[in-house]
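J.: In case you want the letters, here they are:
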Amino acid sequence: MKEKRLVKCILVNIVLLLGALFIIFPFYLTIVSSFKSMSEIFSNFFGLPKTIVFDNFEYVLSRPDYFDALKNSLIITFISVISMVILLPMCSYAVARRRFSSKFYSFVYFFMVAGIFIPFQVKMLPMVKLFSKIGLMNPIGVILFYIANSSCEGIFLMVGYLASIPTDLEEAAYIDGATTNQVFSMIVRPLMKPIITTVVIKNSLWIWNDYFMPSLVLSKSNIYRTLTLYQYSFRSENSTNFTIVFAVMLLSILPIFVAYCFFQKQIVSGMMEGAVKG
Amino acid sequence: MKKGRVYTLPGNNKIMRTLNNKNLTHLLYVLPNLILYSLLSIVPIIMGLFYSFTDWNGIGKNFHIVGVDNYVKILTDKRFHKAVLFNIRYASMLILCVLFISVALGLLLNTKTRFQNIFKSIYFFPACVSMLTLGLIFNYIFFQGVPMLGELLDIDLLKTNILSSRKLAIYGILITNVWKSVAIPTVLIISALQTIPKDIIEAAIVDGASQIQIFFYITLRYLFPMLSIILVLVLKEGLMIYDYIMAMTTGGPAGATESITLSIFRVGFEDMRFGYAIAQAMIVAIIIAMISILQIRYSDKKKIYE
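Line by line, the protein sequences are chains A and B.
Take the first sequence: its position 212, counting from 1, is numbered 212 in our numbering, and each next residue is one higher.
Take the second sequence: its position 192, counting from 1, is numbered 192 in our numbering, and each next residue is one higher.
Chain B extracted, bound-state conformation:
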């Protein structure tokens, strides 16, 4: 990184004027974003931090400061624990599926074939479509299409709508999410695969290494930095999931697919426990912030590899 130099040639009025002018211009450049960001990001957080220590219902004028009561309550709140468990289960399955499929697809798409580019554009398109639209479309597929297919092929498991089953609804959401979320990791894997020097693989082949050995000892090593980035990205996505659930199950059946975000939203606006909901949000924020810090660390590591 290069430091911006400041020119102070004594006795040159023109440059001095530019210099003074420069300070003001730079300040004006920064101000719009700085003001907007402080007003719309920092102020709500400070407000939230304050309300998380109150019992405000979100509408009334009166509220009491209850100290850390809200945070203590969270420790024994079954609904919140259930939502957290749902998200952890969901995020870990999402990570496994996305990592596995995107590596497989990346390897396949990296083999030079005539149709490679067409396949690439097909596989990437889901990344551009809104989660809500996809959720609504898949909702119909599970509601109408899959049961019809089940009747046709006479498979009992497929005959019912899995979204209305308490046990299986999570998998319906997961399939939709994986279907869309594999796109970007796949492209990332392909770009990482292309950084592997060809001579290393050729040397391994000369030394008699099998394809499997090459994959585990060479390819995977080179993919590792990228895999860790993808892991963090998908983990965040899994922990923040909201749109698919709204489109497919709205948290049901019987709260089986209520995610943390949805639960916070409902506790705050529907149960009128605004202060308490914000306290929950604060805890989630701390967890996600820690994950993001990990992400930055990994990206820094990636730079060393390059």
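Isolated chain A, as found in the complex:
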């Protein structure tokens, strides 16, 4: 019995190891290729680089493009997510506590949650027209879009979460003479921390990795390029020069990889919850 279990354990590990190699392989290829020279990559595609070359990174990093794109991505992601962290809990709190006693708030709830059912495709064409008409074909427009688009799911998640928090504490605070602002910021908000983390993780990964929305709104000029747009246009401009393209890919995965190393637990549980309930 013990032997049988050991064999089973080894078999499971072997299968998992093969799968893991399959997952790692593209990343491995990206890393080794970005340290190879163009002459080496044709003779030695899969192996480790015989001579480690830093030219590719030098080429990419000597231009401002990468850093500009990185900065744009960081700014867009950061401002969108910070605005969500400020706005969504406030909105959800008001809706969650009032939607059974007030017709207005119950309307607001259904009006916004209905947005979950509307796919992006139906909005995209008119939105581009609207944005170009009111001068929002820039990062501000993208940020406003992300905030608006996250409202539906965010409010759905947060209102659901608030329903499970007892109102006793808040009521006690009101009787003690606290204002709504105080009750919200000192009692309710701290209690909402887990759900805020979920919303932050889901949205920051989505915004950081999004290609579709920036390609519609920001691709007209180079100064607003995000990291994904930069990768795409860099690939088109240097399609024969694999090694520097791989260097760009590696530099683009790196920020996510660092974040993943530090916040793996939060990221996994945040994306899980976001996927099921969203």
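Derived from the structure by calculation, the hints contain no laboratory data.
Cross-link-like lysine-lysine pairs, in silico, DSS-like; alpha carbons within 27 Å at most:
id, chain 1, residue 1, chain 2, residue 2
1, B, Lys-112, A, Lys-4
2, A, Lys-2, B, Lys-112
3, A, Lys-193, B, Lys-120
4, B, Lys-120, A, Lys-265
5, A, Lys-265, B, Lys-112
6, A, Lys-8, B, Lys-120
7, B, Lys-198, A, Lys-2
8, B, Lys-159, A, Lys-50
9, B, Lys-236, A, Lys-129
10, B, Lys-236, B, Lys-78
11, A, Lys-129, B, Lys-61
12, A, Lys-8, B, Lys-112
13, B, Lys-61, A, Lys-133
14, A, Lys-2, B, Lys-120
15, B, Lys-73, A, Lys-129
Chain B: place on chain A using the hints.
T.: This is chain B only, laid out in the frame that chain A set:
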């Protein structure tokens, strides 16, 4: 769910003041999101609904209202039908692959081994990387790596770039998509597996059930609610696919991998048939909305299980 109570103690000025104040504060809390959402989500939809009944080209000032003409045209539009067929074929293959692999991986990862956590973190990482980056990397793998491997092992099938073949390009995109999209379902399956009570399985073993019987009669039953959630998630993903295609084939070769989203985008902006493209989008929207409603139903069912 608990109702928010409103306090109206007569004769207490302080509480009355808080109450009035509360109404205003709540309104101010809701307004920013409400305004943004109405302006950037609802207005475009209303605009779109209007344009879908016109022949506007998207740029000019003049357009005519053509009624349901656009919707009628869709019925006979070969390009749109082809894109829909592509998406249906693609989504069903994606669902099959993701469901099968994520259940297998979930079962494997749920066995307690020493390296379980390392494996879990490796398997989950693809979920965090952008679809575009992965698409571009896999594009090179199919363009350079796989043909080289084919030469090395002398396998004819691998010698050509499958992305430039009209028949096989869809599988190249599919492999990339499955490679990334299996991550979240796998974690979901593991969490569902952990809800299975141990005593049920022990009782089954005592009664002499085989591993296969345990899997089909117990494990799968407990997984079912989660599987239906995953099915809907992946179905939506398959129907909306855009990034991978842009990164890997841009709809080619010869339109063989043109998805609905890409087709709508091109008809609207490149063929200058804006009104018509929006009419197509409306139809897709209705289909996806119906799927989403199913999803909510399933998630509600899941709550009953918990």
